[in-house]
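> The chain contents come next:
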Amino acid sequence: MIDALDQLFAYQFMQNAFLAGTTAAVLAGIVGYFVVLRGEAFAGHTLAIVGFPGAAGAILFGLPQLLGLAVLCTASGLGIGVLGRGAVRDRHAESAAIGTIQAFMLGLGFLFVSLYKGLLEGVYSILFGTFLGVTSAQVLLLLAIAVVALAALALIGRPLLYLSVDEPAAAAAGVPVRVLSIGFLVVLGLAIASTALITGALLVFALLVMPAAAANQLVARPGLAMLVSVGLGLIIVWSGLTISYFSDLPIGFLVTGIGFVIYAIARMARQLRGA
Amino acid sequence: MDVMFAHEFMRNALLASTGIALAAGVAGYFLVLRGQVFAADALSHVAFTGGVAALAFGVNEFFGLLVATVLAAVLLNSLSVASRAGDVEIGVFFALILGLGVLFISIYVSGHSTSNSTGGAGVLFGSVFGISAGQARTAVFVSIGAVVCLLVIARPLLFASVDSAAAAAQGIRVGVLGGAFLLVVAVVASEAVQVTGALLILGLMATPAAVARNLTTRPYAGMALSAGIALVATWSGLTLSYLVPTLPPSFAMMAVLFGLYLISTGILAMQKERS
Chain A
1 MIDALDQLFA YQFMQNAFLA GTTAAVLAGI VGYFVVLRGE AFAGHTLAIV GFPGAAGAIL
61 FGLPQLLGLA VLCTASGLGI GVLGRGAVRD RHAESAAIGT IQAFMLGLGF LFVSLYKGLL
121 EGVYSILFGT FLGVTSAQVL LLLAIAVVAL AALALIGRPL LYLSVDEPAA AAAGVPVRVL
181 SIGFLVVLGL AIASTALITG ALLVFALLVM PAAAANQLVA RPGLAMLVSV GLGLIIVWSG
241 LTISYFSDLP IGFLVTGIGF VIYAIARMAR QLRGA
Chain B
1 MDVMFAHEFM RNALLASTGI ALAAGVAGYF LVLRGQVFAA DALSHVAFTG GVAALAFGVN
61 EFFGLLVATV LAAVLLNSLS VASRAGDVEI GVFFALILGL GVLFISIYVS GHSTSNSTGG
121 AGVLFGSVFG ISAGQARTAV FVSIGAVVCL LVIARPLLFA SVDSAAAAAQ GIRVGVLGGA
181 FLLVVAVVAS EAVQVTGALL ILGLMATPAA VARNLTTRPY AGMALSAGIA LVATWSGLTL
241 SYLVPTLPPS FAMMAVLFGL YLISTGILAM QKERS
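Here the protein sequences line up with chains A and B, keeping their order. Per the working numbering, the first sequence starts with residue 1, numbered consecutively. Per the working numbering, the second sequence starts with residue 1, numbered consecutively.
Read the hints as simulated data drawn from the structure, not as lab findings. For each residue, glycine too, the CB sits at the ideal point set by N, CA and C. The reader is advised that the hints may include incorrect statements.
[Unchecked claim] A partial selection of chain B residues facing chain A, derived with a Cβ cut-off under 8 angstroms: (1) Phe125; (2) Leu215; (3) Thr246.
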């Protein structure tokens, strides 16, 4: 056991991967709780897809990958927040527009990757995650992003919770609905950028939605649910990294697979308790 | 131009894209009308996993795609009838499916020499210039079949899409019709993977329809326009990519589609201002 742990942390890249994974799991676990509560899973999906050209573009132009992710994800969070609440809401036109933007963004990411010579490695690690090659500089940047995002969330947390549970009542009580909603989407962009570094752009739900959805099945109190969500996220990312290190299984498959099993167990536990 | 058509790969690509664009344009029109863009998004994720599973286990690729998308269509249809699954459930399901796709990619890559591992990227982003004459013929036949099916059910499907309750009262079997429609979408999607790749199917289906709906409200005109726009986008995408080889064909198609979408949104806004 001790030998195995020694082996696991013998290399710098594995230490970095654990630090990055832990940071991402904490941030995504808390932000994910609000995502599930507010039913904004599709906004999360869209922001994550936008992260793909962000990361690919950054690599192509020789910038830090995490920076590209963070800039594009927060910018589109802002964009969705500002544009998303137009005067007239036509849901069908809106979903067609989101589909159009998603497809274009994925295409753009593919263009960047193919302009950059390392075609295959690039596509797979950006889309489906990797634990190799997380640098110490990236870990520091990630920590800084997480601190900023969590501080912002701590600031808006209480009114946001109120707003998410009962929007009309919150608005009547003078909570600034629009500013908070947009602010949350920006924080969501930061959380997705951080998560995408480990899980890949297409699999951020493994840390963003799965732990929070499972926590939501188990406990009702918001503060406790956030804690449980973070705990489950840590289990997912730590066991995923460990198994991936000792076997040949890809990290993207492991985190989503473990996340799904945890979610399924939580659902069953709730149903058993209800019966 | 003569030079372009002199290449057999180009003729195959154009032939296959023509059929698939027509089918995707018509099917997409109904998808947007029925508010099922996200169902198509789900199908495209499943198509990716089905495609790489077929590669990993050495089954015919189209067969793997078809089985996966048809199964997903049946599942989606029964889910939406039984209980409207929420964002979070769909998101968890998406992530799991994509995670499985990553597992199949790693099985495929480790089973082959690295020289042959471009197959996975083809499934993700299309390999239209690699279509053989036989595949192009199959694509045309399948697409013609899909368009004929859609035209046969077009009248009742339009009715059911616009006002499901009234259609049911008139004796139209709305559930069966919706299921049949999703099956056709599944078949079209699994053919479209060759042209756009699994991740960009949504662009070829949703965007032409979104453009058409910006320009006309008449259903049959919209359907024809949607098919025409899909055709224009695939042809000009292929030509662009032929003239500028650094542009991947699927990106070029998405770029043309996105441009057309922006223009049509502008036209719609101007019309609204004038009236």
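> With reference to the structure, classify each hint as holding or not holding.
Going down the list of hints, with the structure as the test:
no. : hint   : in the structure
1   : Phe125 : holds, 5 angstroms
2   : Leu215 : violated, 13 angstroms
3   : Thr246 : holds, 6 angstroms
In summary, the one numbered hint that this structure violates is 2.
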